[in-house]
Amino acid sequence: MTVNVLMPALSPTMEQGKLAKWLKNEGDAVKAGDVIAEIETDKATMEVEAVDEGVLARILVPGGTENVAVNTPIAVIAEEGEEVADTADHAPTDRVGEEDKAQKQAEAAPPVPGQTAPQDEPGEANKAATKAAVEAATPAPKATSVAKEPSATVAPEVPEGTTMVSMTMREALRDAMAEEMRRDPNVFVMGEEVAEYQGAYKITQGLLQEFGARRVVDTPITEYGFAGVAVGAAFAGLRPILEFMTFNFSMQAIDHIVNSAAKTRYMSGGQINCPIVFRGPNGAAARVAAQHSQDYSAWYSQVPGLIVISPSNASDAKGLLKAAIRNDNPVVFLENEILYGKTSEVPALEDFVLPIGKARIARPGKDVTLVSFSIGMTYALQAAEQLAKERIDAEVIDLRTLRPMDTATIIESVKKTGRCVAIEEGWPQCGVSAEIAMRVQQEAFDYLDAPVLRVTGKDTPMPYAANLEKLALPSVADVVTAAKAVLYRS
Amino acid sequence: MVEESGVAPASASMVPPFTREQELTAFREMLLIRRFEEKAGQLYGMGVIGGFCHLYIGQEAVVVGVKMAARDGDQFTTSYRDHGHMLASGMEPRRVMAELAGKRGGYSKGKGGSMHMFSREANFYGGHGIVGAPAPIGAGVAFANAYRGDGRVSLTFFGEGAANQGQVYEAFNMASLWKLPVVFIVENNRYAMGTEISRASAQIDLSKRGAAFGIPGKQIDGMDVRIVKATADEAIEWCRAGKGPYLIEAQTYRYRGHSMSDPAKYRSKEEVQKMREEHDPIEQVRARLIADGMSEDELKKIDANARKIVAEAADFATADKEPDPSELWTDVLA
Numbered sequence: 001m002t003v004n005v006l007m008p009a010l011s012p013t014m015e016q017g018k019l020a021k022w023l024k025n026e027g028d029a030v031k032a033g034d035v036i037a038e039i040e041t042d043k044a045t046m047e048v049e050a051v052d053e054g055v056l057a058r059i060l061v062p063g064g065t066e067n068v069a070v071n072t073p074i075a076v077i078a079e080e081g082e083e084v085a086d087t088a089d090h091a092p093t094d095r096v097g098e099e100d101k102a103q104k105q106a107e108a109a110p111p112v113p114g115q116t117a118p119q120d121e122p123g124e125a126n127k128a129a130t131k132a133a134v135e136a137a138t139p140a141p142k143a144t145s146v147a148k149e150p151s152a153t154v155a156p157e158v159p160e161g162t163t164m165v166s167m168t169m170r171e172a173l174r175d176a177m178a179e180e181m182r183r184d185p186n187v188f189v190m191g192e193e194v195a196e197y198q199g200a201y202k203i204t205q206g207l208l209q210e211f212g213a214r215r216v217v218d219t220p221i222t223e224y225g226f227a228g229v230a231v232g233a234a235f236a237g238l239r240p241i242l243e244f245m246t247f248n249f250s251m252q253a254i255d256h257i258v259n260s261a262a263k264t265r266y267m268s269g270g271q272i273n274c275p276i277v278f279r280g281p282n283g284a285a286a287r288v289a290a291q292h293s294q295d296y297s298a299w300y301s302q303v304p305g306l307i308v309i310s311p312s313n314a315s316d317a318k319g320l321l322k323a324a325i326r327n328d329n330p331v332v333f334l335e336n337e338i339l340y341g342k343t344s345e346v347p348a349l350e351d352f353v354l355p356i357g358k359a360r361i362a363r364p365g366k367d368v369t370l371v372s373f374s375i376g377m378t379y380a381l382q383a384a385e386q387l388a389k390e391r392i393d394a395e396v397i398d399l400r401t402l403r404p405m406d407t408a409t410i411i412e413s414v415k416k417t418g419r420c421v422a423i424e425e426g427w428p429q430c431g432v433s434a435e436i437a438m439r440v441q442q443e444a445f446d447y448l449d450a451p452v453l454r455v456t457g458k459d460t461p462m463p464y465a466a467n468l469e470k471l472a473l474p475s476v477a478d479v480v481t482a483a484k485a486v487l488y489r490s
Numbered sequence: 491m492v493e494e495s496g497v498a499p500a501s502a503s504m505v506p507p508f509t510r511e512q513e514l515t516a517f518r519e520m521l522l523i524r525r526f527e528e529k530a531g532q533l534y535g536m537g538v539i540g541g542f543c544h545l546y547i548g549q550e551a552v553v554v555g556v557k558m559a560a561r562d563g564d565q566f567t568t569s570y571r572d573h574g575h576m577l578a579s580g581m582e583p584r585r586v587m588a589e590l591a592g593k594r595g596g597y598s599k600g601k602g603g604s605m606h607m608f609s610r611e612a613n614f615y616g617g618h619g620i621v622g623a624p625a626p627i628g629a630g631v632a633f634a635n636a637y638r639g640d641g642r643v644s645l646t647f648f649g650e651g652a653a654n655q656g657q658v659y660e661a662f663n664m665a666s667l668w669k670l671p672v673v674f675i676v677e678n679n680r681y682a683m684g685t686e687i688s689r690a691s692a693q694i695d696l697s698k699r700g701a702a703f704g705i706p707g708k709q710i711d712g713m714d715v716r717i718v719k720a721t722a723d724e725a726i727e728w729c730r731a732g733k734g735p736y737l738i739e740a741q742t743y744r745y746r747g748h749s750m751s752d753p754a755k756y757r758s759k760e761e762v763q764k765m766r767e768e769h770d771p772i773e774q775v776r777a778r779l780i781a782d783g784m785s786e787d788e789l790k791k792i793d794a795n796a797r798k799i800v801a802e803a804a805d806f807a808t809a810d811k812e813p814d815p816s817e818l819w820t821d822v823l824a
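Read top to bottom, the protein sequences are chains A and B.
Residues in the first sequence are numbered consecutively from 1, following my numbering.
Residues in the second sequence are numbered consecutively from 491, following my numbering.
Same shape as in the complex, but just chain B:
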């Protein structure tokens, strides 16, 4: 993917190496998302989860790298491929899973589902089902930060498909005009549903998409959590210094279809296989940890722990009750 873009992203040698502790954090967080999403896929197949369900498998390094650069109080806003962002924000896996299952213990009491979830306490502002909507909403969260002068940064994610929406550029313009502290992170997983980026975008270097508004942009290898973290550090520092927005195009890949009902016939099995074998974000960290002397057993323990958390989340979601019928009428108005 890096080669195909024609633009060399920051290479791993240009970013500071992770400490052992950072590698372990990245490994643990990404693995939790991976295992959670695998379980969600299973539960969807069993009919526990319904509707639309968009899995984040393959893209874990993007949100985890950004989270590692963020400070407490910084806000996350994203689109409907949002489970990873919620877990990275520190939301409880069981309550996220319960929401996916449409149960009363879910973050939205079962009324939002996979695509529409929020957590005020985790500073997670959704979870938006409309393609492109996170851009102005995330800019609006940043507007509030600037209004209060509280030094927070709004971390706003959307896909490369959304990057063609008009409202994204309206948001870029205002964010730059008003010097809003917002990092726009385009997660370029190359396929907007079934449309490969070059079939939909006249300019496929998405890091240039902010240039017309004076927004600095960087195209990076979004499969390497160290590069994501280092770039997010720069971007967040830029925002916190009051210099306005920053744009990151993180080149990534989703292993699964667009949603559960997508057989992904628009790309070859070989392409997916190659990506998994050569660029998997979690395997990269695992390899480095092993090379650094970590034992397979220690890493397996981390995996076992992630599986345990996810299994408990699934059990909770499965056993939890549906919302009370009276909930139909609550939360319409404050």
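Just chain A, with the same shape it has in the complex:
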């Protein structure tokens, strides 16, 4: 019996990687645990071990191949003496088939998607919701992680004719930090694994080499303590960039973020500023379950004295992180692990700084306003494309900054469309979308033709099982359903 060796996923969010080289040749005997190949991702180089004993019968993907999708068969291991005729016939035996997964998801799908909708939702919308739920459960592969990059419309912040460069959000964040560190000797980076390891998510890659250990500081695993140390350094006039490996761990440090960083300027009558950036990945990644998947957008954006930014693409990430580092206030900069590897166009300007507190109209439209931020934008923009096929012209607003929130841009849009759906991955109660809904009803009530609806993460801890995780997160279908509901369309 032959066994396919599949391209492994080396991190929760990895979708593809480079098959760097083979360490065994066709015909070589292998036993379980032998290193047979090396895989490179944008984060690391890893070794692939054989899981079975036998002969490396076929190499299906040659060494040096880029962009090999996770789960692609890369080799076949056969029992000694076994004939391996046609590799294409070999279905992987060690993985559940995609069809099986889809079937299970369909079974688990509730009849109505869980976007937060009023109880007296119009009947048509209910039907549409059911339909959408079924659609959502069909094997549209990995709706949460393969979303297209928000196609940034030409932002007014970028002068016409500017050359654009494709880069990942990871590179954009790194460049932003490096540029600001070159510009201001008081800027330094600290956090767990930011220096020698080059960043747990490789956001600080290369910074140690350029700036040295004085300005790129590895900390012990001690969030409460190092958040306090960084805040003290900021009080004394330095400009720390504090990386949390993920914002889930910032909960240990939230006392210093809120009590020390956010409040001291006020408590000192304006004498002591705290120019610090708390940054790191926030929210759900993939399959890391309840304690590593929480979205803190609503938590931090409730606190006066903080600025909260959560970008959706590389360009905004760069321009806003540079602005955050220069800002004299404590800034909570919420990134997203799934977006780190996404590529988009970044202006090739010497000093590209975006305004804090300004939303971006990512897609103009006239029928319904979709408001979101961060990874929520992937659902919103894809939903807008689907809606366009049904001749619904959605306007999509990317908040970018959550606090201060650019209410004016939302209100202006809702006055035009009369309908609004707010989308976020966070929990519904007291969420960012709840705040948006409140502001819209308060400032544009007379313009509304339907209640504001929300599409949010479900009101549960994040489950581990793939199907449940998918159900717990918003989907494009949820957004489409909600948009149609506010339009009374089915």
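The set of hints was computed from the structure by calculation and includes no laboratory data.
Please read all numbers here as calculations on a predicted model, not as lab measurements.
The beta carbon of each residue, even a glycine, is placed where N, CA and C say it ideally should be.
Be aware that one or more of the hints could be misleading.
Over the 12 Å line for every Cβ pair with chain B, so calculated as not near, a few chain A residues [stated by the list, open to error]: (1) Pro-8; (2) Gly-27; (3) Ala-44; (4) Leu-60; (5) Ala-78; (6) Glu-160; (7) Pro-451; (8) Asn-467.
Some chain A residues close to chain B (C-beta under 7 Å, calculated; not the full set) [what the hints assert, rightly or not]: (9) Gly-225; (10) Gly-228; (11) Val-229; (12) Ala-233; (13) Phe-235; (14) Ala-236; (15) Leu-238; (16) Met-267; (17) Gln-271; (18) Gln-302; (19) Asp-328; (20) Ala-434; (21) Ala-437.
On the provided structure of chain A, position chain B as indicated by the hints.
Frame of chain A; chain B shown alone:
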């Protein structure tokens, strides 16, 4: 208190005697704090000061002794029992008192109050209301000193109650790991609110609390300003030489309750009385000055001057206006 700890602190005979000038400085500074705190207590009773108000009476030798060892530019950071530290840092008594009263002339324009006060120019970094918070913040101030290589030392105070907080040990670890110039001064006044130290701490010799991180520690009689000063000299020199942090446990005593609303039923009147009569930090200096030939009259003049400064501060604070309502919205963001 010294006897009860089971560890003999450095005795007065082991430290250099103060000059007449040093004795007078210590006397003047400690007396100013004492009179200021007595006045604050009165104003609290009159309703001029509200909220929480934690008096430093009895502990004056700790901050004054450390201040006498410090150099210009060294920074002070402490918790919410902070009035003494502000006066020792050279902050104006009237503006401190105005802040206690929630008036516009206060250091924080009336928006911080007793527990949250700062002065950039006096290098006073608070005034923190969260128990334990001064430890990492003070270490962070020291981080900035080390980053700049400017030779300053961060003098970081907290109580023996705070010494049980996890963040204190996170700060100890990093301070030692990175050789930060910070002196941690634990003001052990024996009661964390109403809990006597032996009911809350498995190891009551707090000078040992840095040992696991390689931080040298010394337990001292914090009621004797000479001992505090001499120990702080050593500690600050250690830090300035780039050897990393230093820990001082200053055994002291607060005469008043934890805050104004604390009747202090957890200890006997006799215990307080004995401490005042036998160990009072100001009386010790007074006795030495008298023995050295100072006249009672000269010392009374110093006291009268302290009372005058404090009375003026109280008058200023009482007469000053509340903040303008528009101040509600200012200083939230830079």
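Against the structure, the hints come out as follows:
1. Pro-8: holds (36 Å)
2. Gly-27: holds (53 Å)
3. Ala-44: holds (26 Å)
4. Leu-60: holds (49 Å)
5. Ala-78: Nearest chain B Cβ is 53 Å from Ala-78(A), so the label holds.
6. Glu-160: holds (32 Å)
7. Pro-451: Pro-451(A) is indeed farther than 12 Å from all Cβ atoms of chain B, at 32 Å.
8. Asn-467: About 39 Å separates Asn-467(A) from the closest Cβ of chain B, which puts it past 12 Å; holds.
9. Gly-225: holds (2 Å)
10. Gly-228: Because about 3 Å separates Gly-228(A) from the closest Cβ in chain B, which is inside the 7 Å limit, the hint holds.
11. Val-229: holds (4 Å)
12. Ala-233: The hint holds - Ala-233(A) has a Cβ within 7 Å of chain B, the shortest such distance being about 4 Å.
13. Phe-235: holds (6 Å)
14. Ala-236: holds (4 Å)
15. Leu-238: Since chain B brings a Cβ to about 5 Å from Leu-238(A), closer than 7 Å, the hint holds.
16. Met-267: With a minimum Cβ separation of about 4 Å from chain B (threshold 7 Å), the hint on Met-267(A) holds.
17. Gln-271: holds (5 Å)
18. Gln-302: violated (14 Å)
19. Asp-328: holds (4 Å)
20. Ala-434: With a closest approach of 22 Å, the Ala-434(A) hint is violated.
21. Ala-437: Violated, because the Cβ-Cβ distance from Ala-437(A) to chain B comes to roughly 25 Å (cut-off 7 Å).
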